[in-house]
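Taken in sequence, the protein lines are chains A, B and C.
Using the working numbering, read the first sequence as starting at 1 and increasing by one per residue.
Using the working numbering, read the second sequence as starting at 1001 and increasing by one per residue.
Using the working numbering, read the third sequence as starting at 2001 and increasing by one per residue.
Don't read these hints as lab results, they were simulated from the structure.
There could be a bad hint or two in this list.
Here are some chain B residues pointing at chain A (derived, C-beta under 10 Å) [stated by the list, open to error]: (1) Ile1043; (2) Leu1045; (3) Tyr1055; (4) Ile1360; (5) Pro1363.
Selected chain A positions facing chain C (Cβ under 10 Å, derived; list incomplete) [to be verified]: (6) Gly66; (7) Ala161; (8) Val172; (9) Glu294.
Each residue gets a CB set at the ideal place from its N, CA and C atoms; glycine is no exception.
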Amino acid sequence: QQTITVNIGSSHPEANIWVYAMKNTFQPEVNRILAENGNAYQVNWVENYAGTLYKFTDTREAVMDGIVDVGMVGTVWEGANMPLQNVTYFTPFATEDHRMIIEIFDELSESLPELKNSWAENGMVHLSSLITDSYDIYATFPVNTMADLQNRKLNAPGTSANWLRETGATPVDGALTTYYTNIQTGVTEGTLSFASGILPTRVYEVAPELTRVGIGSMYFGGLAANKDFFDGLPEPVQQAFREAAGATSIAHGDYVGDLAARALDEMQAAGLTIHQLPDEEKTKWVTGLPNIVEPWLEQTGEDGKTVLKAYFNALRERGVTPLRNWDDGL
Amino acid sequence: MTTLAFGFVLIGLLVLLVLLGMQIAYALFGVAFIGIWLIRENIGLAFRMLELTAYSGIADYLFATIPLFVLMGLLVSVSNVGRDTFEVAEELLRRMVCGLGVATVAANTIFAAVTGVSIASAAVFTRVAVPEMTRHGYRPAFSAGTVAGSSVLGMLIPPSLLLIIYGVLAEVSIGGMFIAGIVPGLMLAGGFVAMLIVLTMVFPGVVLTDPEGARTRRLDRDFRPMPLDRMILKLIPIILLVVLVLGGLYTGFFTPTEAGGVGAFGALVVALSRRSLDRHKLWQVMKQTGVISVSILLLLIAASFYSRMLAIAGLPNAIAGLVTGSGFGPLGFLFFYAVIILLMGMILDSTSILLIMVPIAAPIAQGMGIDLMHFGIVTVIAVEIGLLTPPFGISVFTVHNTLNDPDVSVEQIFAATLPFIAVMLIVLITVALLPATVTVFL
Amino acid sequence: MSEETSAEYESGFVPSFSEAPLGAVLGSFAAAMSAVGTAAIGALMLLIVADVIGRNFLDLPITGVSEIAARTVVAIVFLQVPAAILQRRLTRADFLIRRIERASPATVAGIEAICCLAGAVIFALVLWASWPKFTQSWSTAEFFGVQGVWTIPTWPFRGITVLGAAIAVLAALYRAGMESRSIGDLR
Ligand code: NA
Ligand code: NA
């Protein structure tokens, strides 16, 4: 019997949606599979969750540099080094089905050389996709028409700032941890966010009006292993990792789905009112957006075109009609 | 030797190096580098963690507020706003026992509403209050101790860097933390005042070089009182600053993190409008800001590297296991936790303690049903005691450096802050036992 | 002593060139870096105020302030650190040192020299660790920010870390040299 030490970690705590399945599915699944295969190998997990070793800005480098062997990598924060993975953030209003995003990106990260190589070039092996549930507007006011967004200040950090272009709303930087204070003190009047993320922050206390817009579910990053570490693992252990990763994808999708549903129930019980943005208003929003995918295509070149086409083809194959054909003319 | 035992050896090595007078940042960096290298048996990893920490360990908007709060403090100091506040307090408290000591606490309480770091208060009031107190027959070391002791108010009364950092680490509302700090902050100020009066009455020799003279001066009826309009004139700038900082914060014009920048700008405007600042002097103030800030910020980078080494050694998990396994109830846990923080406060700076302890302890506290805001205020008071405890007490060092008086040694100032530490301990226990002190306005 | 006071006139720690050419060059360079760092603090303040005003009164927030501020604060540290070393401003607990100094100033100078050497080693480690990331950020045109909204290259920031660490090594070595020379004088 051989014992292998695996350092596993994250910038976020265990209860976080992107970390939960690492601790609660990936680790036990690997153990289970190895035990079933006759216990020839055993893993000694060294856990470094909750940002004790590195911050959220460093998730890529942490796995790439071997600070952890397996970790949650937020490609959303890696616009410079892993831009291809951010395709969903530049093509909003595609699908609200987060399980579909997991399925598509589990597949594309393996089958599309552009994506697979990008992980390899960054010294990593992609194991399982991490996503968000669909983005909506949590605010102090309901949004019934696009006119309601005029001159409003909304927290919309990073790429999501793009989604407010030409809507008349002003995007204000922030993070899940700052929304509550920002809205409470009036720095902003709401935020673009997703149910599973917003529940623990109690933002609904200060922003009791949720308008379901359905900006869509986003690919957030991946559970990844350090490439040198992974390549050095015995074949049966690699296989166990792959199988456990498959289970992790399913568990992650279920966890986010359950949490989002529970979040909506709990928030409503706590006084949240839910509104629906009418379809014609949503269409106005989508068609009014400038071509926000353009700068991303310029940055990523041919690879970007391939990834965008493959992503949108995968969506359509699954019966989805994206509200805007961001891949037009490619 | 187990990794954990080795972790404790490394803590011992750190304490030794710090005691020997090595620059604390060097000691933290060095011990952590060796620790990561030996624990993981991989020097390459130590290099990569070092790079990561140096480049992004403090790359956070929060830490950008440190130089700005320092700048605000120094600007308020050169524009004599601190002095004016102190003079009005002195005037109003003339008849009180230990009037100048109480005036220092009162001025610090008001000043705390504009500054977010205690060292700013310590630097300002060392210049303003110590000479004045010495001139009126207070012992220089006692005066310095009073300034150091009351400077801790700066980080309990909002705005406060420590409350901001706690709020981020524990994921609770920073605005809420600010409100939660008000009552304990006032309790602390009240406790200091009571302590000063009792101390002066019972042991006048500890406080004053010439108790009889001070008594005569206090009872002297021939002084010319400061006219009311002059008093108001002197208070206008500090009131404007308080309104700007707290008002702007609570009406939503800016966030707690932006308060440092806006406050510094406000202080700059006040200084310029009072014509107390020319180009040369402004540059001097800015340079001093840089010098003070860099020593804190470098320490923060080093402390963050060190705490990552402790995480690799498995210390956070071990402490969490220890606490969960010990069967402590919420109060027992709170007590145990406070003691650990007090011990850490002797050798580490406040931010590092928060960075190391809060991520471990907050989930445990929450699991035990302790309100996280209540927990935060207990944490911050315990951490602030560390500003005054030897061997590493940054507020005492700041007062000592600013005073630059060869007759007042660091040890004397440490000794003079002991009564303040006692008051803080009493307030700490009171707040720990009575969560209502924190939640009353929430 | 009088020469030292006149030399201190400009920045407090730069000796005159004729007296100590190495120290003068090093000191002036450190002082210049520190001045840039000082200016950055002022710029940071103005940036925040501009963002607050723009957001509240003009509906024109400045995007990326939090990331820019985050990167700037690191730059401020590495711009200031060489001067802080030369000025002996790094925080330390000196109560034991001052006790020993009364008994044996030479011992203290020895301890000081060792501490300075430790500092040189530490900044050399930082330099060694940071150099590859600096060249990488240059060759891959790494940036932070959001494509299509705002982006800033990272190499100047990584460069400041490298430069600051390099000058800090020299500054710490220079101080170590000064201290070890004074051991002989104090004996
Ligand atoms: Na304060
Ligand atoms: Na202390």
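Taking the hints in turn, this is what the structure says about them:
1. Ile1043: Violated: closest Cβ of chain A sits about 12 Å from B/Ile1043, beyond 10 Å.
2. Leu1045: Holds: closest Cβ of chain A sits about 6 Å from B/Leu1045, inside 10 Å.
3. Tyr1055: holds (9 Å)
4. Ile1360: holds (8 Å)
5. Pro1363: Where the cut-off is 10 Å and the nearest Cβ of chain A is about 7 Å from B/Pro1363, the hint holds.
6. Gly66: violated (14 Å)
7. Ala161: Interface hint status for A/Ala161: holds (6 Å vs cutoff 10 Å).
8. Val172: With a closest approach of 6 Å, the A/Val172 hint holds.
9. Glu294: holds (7 Å)
Comparing the model with each numbered hint stated earlier shows that hints 1, 6 do not hold.
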